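Participant: With the sequences and hints as input, model every part of the structure.
Chain by chain, the residues run as shown.
There are 2 protein chains.
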Amino acid sequence: MTVTSKSIIEDIKKKNPNINRVIFTGCGASMADLYPGYYFVAHESKKMLSAIMQANEFNYDTPKDVGENTIVITASLGGTTPESIAATKHARELGAHVVTLSHDESSPIVKEAEYQLIHGFEKDYANKTAKMTLALNLAVEIVNQFEGYEYYDEAQTAFNGLFDLINHEANMVTPAAEEFAEKYKDDKTIYVLGSGATAGAAYSTASFLFMEMQWITAPTIHSGEFFHGPFELALKDTPYLLFVNDGPTRHLDARALEFMQRFDAKITVIDAKDHNLASIASNNVIDYFNPMLITGVMRVYAEKLSEARKHPLTQRRYMWKLENY
Amino acid sequence: MTVTSKSIIEDIKKKNPNINRVIFTGCGASMADLYPGYYFVAHESKKMLSAIMQANEFNYDTPKDVGENTIVITASLGGTTPESIAATKHARELGAHVVTLSHDESSPIVKEAEYQLIHGFEKDYANKTAKMTLALNLAVEIVNQFEGYEYYDEAQTAFNGLFDLINHEANMVTPAAEEFAEKYKDDKTIYVLGSGATAGAAYSTASFLFMEMQWITAPTIHSGEFFHGPFELALKDTPYLLFVNDGPTRHLDARALEFMQRFDAKITVIDAKDHNLASIASNNVIDYFNPMLITGVMRVYAEKLSEARKHPLTQRRYMWKLENY
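Chains as they are written, first to last, in the UniProt record's numbering: chain A, 1 to 325; chain B, 1 to 325.
Careful: at least some of the hints might be erroneous.
One copy or any two copies: either way a pair holds, since identical chains are not told apart in the list.
[Stated by the list, open to error] Listed next, the in silico DSS-like pairs over lysine-lysine satisfying Cα-Cα at most 25 angstroms (straight line):
hint	residue 1	residue 2
1	Lys46	Lys13
2	Lys6	Lys236
3	Lys236	Lys185
4	Lys321	Lys236
5	Lys64	Lys13
6	Lys46	Lys89
7	Lys47	Lys15
8	Lys321	Lys266
9	Lys47	Lys14
10	Lys236	Lys46
11	Lys64	Lys6
12	Lys64	Lys46
13	Lys123	Lys13
14	Lys266	Lys188
15	Lys6	Lys321
Keep in mind the hints are simulated off the structure, nothing from the lab.
For clarity, every value in this text was computed on a predicted model and none was experimentally measured.
Facilitator: Structure, rendered in C-alpha cells:
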C-alpha cells in the first residue's frame, strides 16, 4: 500500500486515538513550509493544541507534556539539517508520533522518523510547494480523522487541482516576473508582506529567497501589522512585494496595498485572485491554499530576479562551505 | 477588592471551569508585549489550546469554536487601536471571556472588555514592561488555576523582584547605551536577534523602536533561524543587535554571537545574565522573565540612539497625523 498522509494518520490513530497536540517544527524554509499546516490546525481544530516552533527551540525548550499524545511533524528538504534531525530524534524519545517530510528518501532525518513522506522539488513549479502541500494535507487528515472536518471533500478537490493550477499560472507570469526583476534588481532592501496562511510564505520569500539566496535585506511584515509601525518607512519608491490572498484576510492585504499606492511606493503584487485560486478552491477552504499558489508563482519572480542580478539562487557565502558553526 | 490577574482568572473559573483555549491578540508593540504570556501557555500548559494572533487576523479569520470556553487577552497601550477594539468586541460577541490590558482606564478598549487591567508606562523603565508583565502574570494564573503550575511560587518570587531589578539595571547601562548609539547612529539597517520568550521583544525592538520610531530598516531574526539563511548577510561590520537569554535557549543566542564574532560583524549584545536575572528568577521560571528585563534595558539603548540621531522616539510620518487608512 502506498503511504499517504491519510494512511499515516490512520495508523497513528489506531495506536492512539487520544492525540491532543500537533507540533510543527523545522528550520528556515522547511519550517516556513510547515506554516500552512499549522495555520489550518490552529484555525480548524477544536481540541488539538498546536504550535509551530524553530527546531532548535523545540530541542532546547520543549513544551511540557510532549509525548504519546502528540504528533510532531518535522521537515528538511535535503534531510541533513542537524537541528531538525535532533528534533526528530528528541520527539521520538519523548514518545511522540513523528512524521517527517523530505525530498531525499535515504537522508538521516528520514531514518530517524517513524513515518516519512518523500516529496518532489526539481520537477516543476508545483513541486516547489510539495512539502508545504503535504504539511497542509497532514493537518487536514489530523483534524478530519480525530474530530471531523466539515469541508474535507472540498479540501480534496482543491488538493487535486492545485498542482496543475500552479504550473499553469507559473508559466503565465514570465513577463510580469521579468518586469519585477528589472524594477528591483538594484534594490538593497525589499519589504515583503502577507497575511493569513500566507504569512509563512512571506517570511520564506524575505528570509530565504531574498536574504539567503540574493543577499538583499528583507524584513517580513504581516499585512495587518504594517499599519502599527512599519508603514512609517513607506515613501515614494520604497520597494515592497505584497502577497494578496483570496480569502478571509484579503482585506488586510488590500488595505496595505492602498496605503502603499497613496504614497507612490514601488509595489509588486502577487494576488491569488489574479491566479484563479477560486477555480479549484471553495470559499470554505480557499484560505489555506493561497501560500502554495503564491509560492509557486513567486519562484518565477525569484528566478528572474536572480538572472537580472547575475546572482544564482544557489550562491552561498557560508552554507555548504563552512563545516563548523 | 483590588482587581488582579489572579482575581480575574478566579472569577472566570467560577463562571466556567471548562476553559480550554487562550488567545492573545493585539497590534504592533501591544501584540508583541503579549508574546511572553503566549510563550508561557504554549510551553507549560498540558490542556489549553493557545495562539497569538494579529488582531485584524483574529477579526477576519477567527479560529473555529472561539466561545465560552475561550479566554481572549487583548491589549492596547492608549486603548484606541481600532482593530484591537474590534477584536475585543468580536471575542465578547462570540461568548469568550475577554481581559484587556491598557494604560488608559477611560479608553474605548477598556469599555469593551469584560475585565480590565490598567498598567503604568511613563513612570520608569520597569513600567515600560508593565503590559508584558501583566500578560505573563495572566498566563501563569490561567495555567495554575486551571491545571496547576508546579513553579507558581518561584514565578511569584520573580514577579516580586522584577521591577526593582529592571530599574536597577536600566540605570546602570547608560555608558553602554551611549556606546551603542554612537556606533549605530549612521546605520540604515540593524538586524535584531532573539529566541525563546524573548522572540517577541526582538520583533518589537526591530519593528517599533527601529522601523517605526527611528525609520531604520530592521529585520527580526530568530537566533535559531540565523543559520538557515540570514547569516549569509553577516560580513565585517554588518550591524547586529542580539538579545541573549539566561535560560534554556541561551545556546541558540550564544551560537549566533560566535558566528558574528568570527566574521567581525558590528555586534551589540544585551544579555540577561549580565543583568543578573538569576538573582530574582529560579532555573524553573527564568525563561519567561528574560523579555521584560531585556526590554527595560533596551529602552535606554533606544533613547540614546534617538538622541544621537536627533530623531525623537515620538516622531511619526503617518501615525497620529493621517485619519483614514
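Participant: Now tell me if each hint is right for this structure.
Facilitator: Taking the hints in turn, this is what the structure says about them:
In this assembly of identical chains, the alpha carbons of Lys46 and Lys13 lie at most 25 angstroms apart whether taken from the same copy (17 angstroms) or from different copies (20 angstroms). In this homomeric assembly, Lys6 and Lys236 never come within 25 angstroms of each other (Cα to Cα): the closest approach is 50 angstroms inside a single copy and 49 angstroms across copies. Taking the closest pair of Cα atoms, Lys236 and Lys185 come within 25 angstroms of each other both inside a single copy (17 angstroms) and across two copies (24 angstroms). In the homo-oligomer, the alpha carbons of Lys321 and Lys236 lie at most 25 angstroms apart only across protomers (18 angstroms), although the nearest pairing inside one protomer, at 40 angstroms, exceeds that limit.
For a Cα distance limit of 25 angstroms, the shortest separation of Lys64 from Lys13 qualifies both inside one copy, at 22 angstroms, and across copies, at 23 angstroms. Taking identical chains as interchangeable, the C-alpha atoms of Lys46 and Lys89 lie at most 25 angstroms apart only when they sit on different chains, with a minimum of 21 angstroms there against 28 angstroms within one chain. Proximity of Lys47 to Lys15 under the C-alpha cut-off of 25 angstroms is found in both arrangements, the shortest distances being 19 angstroms within a copy and 21 angstroms between copies. Within a single copy, Lys321 and Lys266 get their C-alpha atoms only as close as 35 angstroms, which misses the 25 angstroms cut-off; across copies the closest is 23 angstroms, which meets it.
For a Cα distance limit of 25 angstroms, the shortest separation of Lys47 from Lys14 qualifies both inside one copy, at 18 angstroms, and across copies, at 22 angstroms. Proximity of Lys236 and Lys46 under a CA criterion of 25 angstroms is satisfied in neither setting, with 45 angstroms inside one chain copy and 49 angstroms between copies. In this assembly of identical chains, Lys64 and Lys6 lie within 25 angstroms of each other by CA distance solely across copies; the values are 23 angstroms between and 28 angstroms within a copy. In this homomeric assembly, Lys64 and Lys46 come within 25 angstroms of each other (Cα to Cα) both inside a single copy, at 20 angstroms, and across copies, at 7 angstroms.
Proximity of Lys123 and Lys13 under a CA criterion of 25 angstroms is satisfied in neither setting, with 33 angstroms inside one chain copy and 55 angstroms between copies. When the C-alpha separation of Lys266 and Lys188 is checked against a cutoff of 25 angstroms, the pair qualifies both within a copy, at 13 angstroms, and between copies, at 19 angstroms. With identical chains, the CA atoms of Lys6 and Lys321 are never at most 25 angstroms apart, being 39 angstroms at best within one copy and 53 angstroms at best between copies.
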